[in-house]
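Colleague: With the sequences and hints as input, model every part of the structure.
Once you know that position 191 of the sequence shown is 191 in the UniProt record's numbering, the rest is easy, because the numbers rise by one and skip nothing.
In case anyone wonders, no lab produced these hints; they're calculated from the structure. We put the CB at the ideal spot given by N, CA and C, even for glycine. Among the hints, erroneous ones may be present.
Once the Cα atoms are required to be at most 27 Å apart in a straight line, the calculated BS3-like pairs of lysine-lysine come out as [as the list claims (entries may be wrong)]: (1) Lys336 to Lys147; (2) Lys147 to Lys101; (3) Lys147 to Lys103; (4) Lys116 to Lys35; (5) Lys116 to Lys101; (6) Lys114 to Lys13; (7) Lys13 to Lys302; (8) Lys147 to Lys116; (9) Lys336 to Lys348; (10) Lys101 to Lys302; (11) Lys116 to Lys13; (12) Lys103 to Lys302; (13) Lys35 to Lys114; (14) Lys35 to Lys147; (15) Lys147 to Lys114; (16) Lys35 to Lys336.
Quick list of simulated restraints, FRET-style, between CB atoms [to be verified]: (17) Leu292 to Pro124: 45 to 53 Å; (18) Gly245 to Thr123: 56 to 64 Å; (19) Asp341 to Val68: 21 to 29 Å; (20) Pro124 to Thr178: 30 to 38 Å; (21) Lys13 to Gly338: 21 to 29 Å; (22) Ala234 to Gly122: 51 to 59 Å; (23) Pro124 to Lys348: 25 to 33 Å.
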Amino acid sequence: MVHEVRGVVARSKNAPVSIETVLVPDPGPGEALVKVQACGVCHTDLHYREGGINDDFPFLLGHEAAGVVEAVGAGVTEVAPGDYVVLNWRAVCGQCRACRKGKPWYCFATHNAKQKMTLADGTPLSPALGIGAFIEKTLVAAGQCTKVDPAAPPEVAGLLGCGVMAGLGAVLNTGAVTRGDTVAVIGCGGVGNAAIAGARLAGATTIIGVDLDDRKLAWAQQLGATHTVNGGQADVVEAIRELTGGFGADVVVDAVGRPETYRQAFYARDLAGTVVLVGVPTPEMQLELPLLDVFGRGGALKSSWYGDCLPSRDFPTLLALYLQGRLDLAAFVSEKIGLDDVEEAFAKMGRGEVLRSVVML
Numbered sequence: 001m002v003h004e005v006r007g008v009v010a011r012s013k014n015a016p017v018s019i020e021t022v023l024v025p026d027p028g029p030g031e032a033l034v035k036v037q038a039c040g041v042c043h044t045d046l047h048y049r050e051g052g053i054n055d056d057f058p059f060l061l062g063h064e065a066a067g068v069v070e071a072v073g074a075g076v077t078e079v080a081p082g083d084y085v086v087l088n089w090r091a092v093c094g095q096c097r098a099c100r101k102g103k104p105w106y107c108f109a110t111h112n113a114k115q116k117m118t119l120a121d122g123t124p125l126s127p128a129l130g131i132g133a134f135i136e137k138t139l140v141a142a143g144q145c146t147k148v149d150p151a152a153p154p155e156v157a158g159l160l161g162c163g164v165m166a167g168l169g170a171v172l173n174t175g176a177v178t179r180g181d182t183v184a185v186i187g188c189g190g191v192g193n194a195a196i197a198g199a200r201l202a203g204a205t206t207i208i209g210v211d212l213d214d215r216k217l218a219w220a221q222q223l224g225a226t227h228t229v230n231g232g233q234a235d236v237v238e239a240i241r242e243l244t245g246g247f248g249a250d251v252v253v254d255a256v257g258r259p260e261t262y263r264q265a266f267y268a269r270d271l272a273g274t275v276v277l278v279g280v281p282t283p284e285m286q287l288e289l290p291l292l293d294v295f296g297r298g299g300a301l302k303s304s305w306y307g308d309c310l311p312s313r314d315f316p317t318l319l320a321l322y323l324q325g326r327l328d329l330a331a332f333v334s335e336k337i338g339l340d341d342v343e344e345a346f347a348k349m350g351r352g353e354v355l356r357s358v359v360m361l
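Modeller: Here you go:
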């Protein structure tokens with residue numbers, strides 16, 4: 001059986017998205033059909049539309065999603081029809097060298113659905129991050145479905161599918177922030193503010209948000225920043241040092257991913273401190289640092305892939321903390337919109353007006 005549904009498609013580079021009829025097949029072996037209830041509008045979707053990821057147009061956009069499993073294919077044991085799930089884009093294989101070492105969050109052989117969703121004329125679609133969730137129903141690998149508590153509303157639960165998890169994980173997993181640490185986060189969009197929320201959750205005592213936009217700095221304070229720095233009005237490195245007793249922060253998160261912000265993070269950390277890069281650079285960017293400074297300052301320079309998360313471990317735990325009132329995930333939902341509003345949501349994102357627009361289906 002083929003399911004005929006509506007989805008948001010980017011047909012060509014930089015062209016406005018369109019609502020298209022999409023044909024979604026029944027799940028084959030190892031696959032699941034998910035009825036999408038909510039999907040966040042992430043900057044990665046805009047990167048796809050702009051051709052910044054690759055040129056495999058047309059793209060079926062959307063990937064920060066929660067919904068209900070409608071059907072599963074042969075051999076699927078992880079989930080069953082009726083399960084409430086958050087979708088993830090790193091379904092671990094369990095067999096690669098990372099998985100065999102007991103580090104499945106680094107899985108080097110993550111996988112997606114084998115079958116293609118298509119336009120009505122048969123043109124195959126490239127689903128964003130192997131998911132494609134700005135759609136009424138989507139086809140994914142069963143391992144991309146993480147069963148969670150249905151008490152968490154879909155507009156909140158789905159945010160763990162990408163950006164919010166990346167920020168939380170950059171602090172909790174990659175940076176290993178703990179009680180009493182000092183933390184600085186450069187870039188206070190969705191990912192950076194999630195890192196700030198994670199630092200508060202971990203018990204950091206000084207949490208510094210850095211951005212050029214006072215509106216984003218206000219969000220940072222709402223989510224747990226004890227101090228903020230407008231990088232257009234102050235020397236970022238000196239400001240962070242001043243706020244940390246002259247030493248620099250124990251952990252500095254670069255949630256922007258540019259050479260200049262990385263250098264700020266590198267020099268704003270304490271001796272033997274940690275830099276975590278979670279912002280995604282573009283291919284042409286180059287970084288230059290004195291090698292003696294790399295040696296002399298010690299510590300660790302880390303990159304955080306998807307917050308080094310293991311969805312089966314982290315999604316249920318973080319939603320439990322949300323339901324206990326200890327993690328304000330709802331603060332990231334700036335507005336709820338429909339499928340027809342995605343293009344305008346991209347514009348609002350570009351203007352810095354929202355943390356997350358969430359498509360409700």
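Colleague: None of the hints should be skipped; say for each whether it holds.
Modeller: Structure-based check of all given hints:
Distance check on the hinted pair: Lys336 and Lys147 sit about 23 Å apart at the alpha-carbon level, within 27 Å; holds. Of the pairs offered as hints, the one joining Lys147 and Lys101 holds, with about 25 Å between alpha carbons and a cut-off of 27 Å not exceeded. Of the supplied pair hints, the one linking Lys147 and Lys103 holds, its CA atoms being roughly 21 Å apart against a limit of 27 Å. For the hint linking Lys116 to Lys35, the alpha-carbon distance of about 17 Å falls within 27 Å, and the restraint holds.
Only pairs whose Cα atoms come within 27 Å are accepted, and Lys116 paired with Lys101 is rejected, the gap being roughly 32 Å. The hinted pair formed by Lys114 and Lys13 meets the criterion: a straight-line CA distance of about 25 Å does not exceed 27 Å. For the suggested pair Lys13 and Lys302, the alpha carbons sit about 32 Å apart, so the restraint of at most 27 Å is broken. Our distance criterion of 27 Å between C-alpha atoms is met by Lys147 and Lys116, whose separation comes to about 24 Å.
Restraint check for Lys336 and Lys348: satisfied, since their Cα atoms lie roughly 13 Å apart, inside the 27 Å limit. Among the hinted pairs, Lys101 with Lys302 is consistent with the structure: their alpha-carbon atoms are about 19 Å apart, no more than 27 Å. Proposed proximity of Lys116 and Lys13 is supported: the alpha carbons are some 21 Å apart, at most 27 Å. For a cut-off of 27 Å, the pair hint linking Lys103 to Lys302 stands: about 16 Å separates their Cα positions.
Between Lys35 and Lys114 the CA atoms are separated by roughly 18 Å; this keeps the pair inside 27 Å, and the hint holds. Simply put, Lys35 and Lys147 have alpha-carbon atoms about 14 Å apart, close enough for the 27 Å limit, and the pair holds. For a cut-off of 27 Å, the pair hint linking Lys147 to Lys114 stands: about 21 Å separates their Cα positions. With a C-alpha separation of about 18 Å, the suggested pairing of Lys35 with Lys336 holds against the 27 Å cut-off.
For Leu292 paired with Pro124, a C-beta distance near 51 Å keeps the hint of 45 to 53 Å intact. For the pair Gly245 and Thr123, the beta carbons lie near 59 Å from each other, so the given range of 56 to 64 Å is met. At about 23 Å, the CB distance of Asp341 to Val68 agrees with the hint of 21 to 29 Å. In this structure the supplied range 30 to 38 Å is violated for Pro124 paired with Thr178, their Cβ-Cβ distance being about 47 Å.
Look at Lys13 against Gly338: about 25 Å separates their beta carbons, and that is inside 21 to 29 Å. Checking the proposed 51 to 59 Å range against Ala234 and Gly122 shows it holds: the Cβ atoms sit about 56 Å from each other. A beta carbon spacing of about 31 Å between Pro124 and Lys348 agrees with the range 25 to 33 Å that was offered as a hint.
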